[in-house]
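Novice: Below, each chain spelled out in residue letters.
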Amino acid sequence: MSDKSPSSPVFDPEQMKAMHKMFMENHPGFLEYQFEVVDIGAGKASMRLPYNEKFVGDKATGSIHGGIITLLMDTAGGLCSMAAIGKMTALATLDLRMDYLRPTTQGLDILAEVECYHLSNTASFVRGIAYEEGEQKAAVAHMAAAFMLNTKGPKLMKKPRFSDVDGGK
Amino acid sequence: MTKYFDFLLDEKNAKDIVGSIPFAEYLDIQIQQNINGEIIFFLPFAEKNIGNPAIRALHGGIMASFAECAASLMIIGTVAHDHLPKCVNQTTEYLSSSKAVDTFAKVKMNRVGRRVIHCATTCWQEEGKPVVISHARFLVGDAAEA
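Chains as they are written, first to last, in this note's numbering: chain A, 1 to 169; chain B, 1 to 146.
Everything labelled a hint here was simulated from the structure, so no lab data went into it. Every residue, glycine too, gets a C-beta built ideally from N, C-alpha and C. Be careful, since some hints might not be right.
As the list claims (entries may be wrong) - Short, incomplete list of chain B residues facing chain A, as computed with Cβ under 10 angstroms:
hint : residue
1    : Leu-9
2    : Ala-14
3    : Ile-21
4    : Tyr-26
5    : Ala-64
Okay, chain B solo, but in the shape it has when bound (with noise of 0.2 angstroms):
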């Protein structure tokens, strides 16, 4: 697994990852590294992201965006390089509401596929407790084109 987070890690080949899907490019999501090592995904909080301007709380659409966006990024960094892959599905469940403040992701691939790969993707904020939890599925490979 060293081998792809080095690919991930590389300056260069993320900044390519993140710009593959121009819509992660517009939340302007960064890949980053926590003190574990592992892949972490950067969401910086913007004004354009909150969704209910009363308590200051991000949109939920957003969050939802940013685990998928995450989950892609995560998948083309590690298993397809060549090609985007394909959310057929995502379900997400919103634990408390998000703050008006940066957002951290963390992708788990629960089980990687020749055709599906299932992921989990955690999103959280300053002090650690997740606010969002989302499971995604994505084709890959000959499934991803057809």
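Chain A with its partners taken away, still in its complex shape (with noise of 0.2 angstroms):
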């Protein structure tokens, strides 16, 4: 794949575990859409949304609405930066392009992969396919998107500062 992709080091277990649990618990998305988290790797997530017939779109074939795969896609890919970078952190989307391949079928799950291909000290740069969890493994969706690392928030990550590393001089 990408020659900058990142690497394994800074993957730790531990903090990955850290992160499932803190996802699960505590994000309000993840109690309200039952976003489900599957798998999180070195630069990699995987995460499910059971079928609802809450977020349909279409009455008629009863396929799950665009925006909520949107949802499950950035979510995931906000997670597969925090995995890529091995820490969490406060972190914005900039931009998410989203082309919908085809409608979904009524009743089946929506399994997002998504993988960081580069990270750079201030950006991650993120793509990811939507597959419907059917007889066969169906691609719906496919995402690219870019996030902001380090924005706002508490702080997640301690960064050294100059005064720090020079004595405070």
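Each of the two chains sits in its own frame; use the hints to bring them together as a complex.
Specialist: In structure tokens:
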């Protein structure tokens, strides 16, 4: 894949577990939309959205609305960026593109598989595919997004300042 | 265009239009008119829309969903009364973090073709500063059914 894909040394299983727990317990989205974290790896994340009639976009076919898939992909993208950094950090979506490949089938769960293909000091670039989990794993949407890292928010990650480094001079 | 706006602003029609997309109903999107007589869409604040509990910002995905729903509703209300437009793709730019307050959206249809409609949706919050800009392409008519 990419030459600058996030390497595994930053991957810390303990952190990942904590991140998983934090997401599952504290995030309003996870409680409300019943998102499930399936897997978190180095620069990778997958999440599942169980089928729910509230999220239907087309009553005639019962297919899920694109918006909720965007929501799932955005959340998975954020989680995957954190997994790439190896730590929990505050981040913000800069831009997100969704391509809806086909309408989803009624009653099928959606699985989002997202990877971070480039990481810089200030931004992460992610892409992913949403599948429906039927007899065949068919792709329903594609996502590409950029996230800004270390945005405003509580200090989840301690950043050394110059004054700390050179003894406060 | 006034004719269409009257259709959209009729309370019953507006309710039917929003009701045609269960997800839009779930988000509790409402259709309103601003002082210039333009159609605007309203997303009331709800706790479930919070994406970042630490700084109490709305979820980016919710903003994208709102923009997409607003564009769909605008299309249903103006040109495609009898069927749902099909979203091909959407790009969303997040200009600043969305606060935990009500959000409004305005849809501009840049091109209305027989098969494709290009929409630009701007979402803003209390001070009128845009927070999200979204561009989406929709298939309508025969193209939406194929």
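Novice: Which constraints among the numbered hints does this structure fail? Numbers only, ascending.
Specialist: 1 and 2
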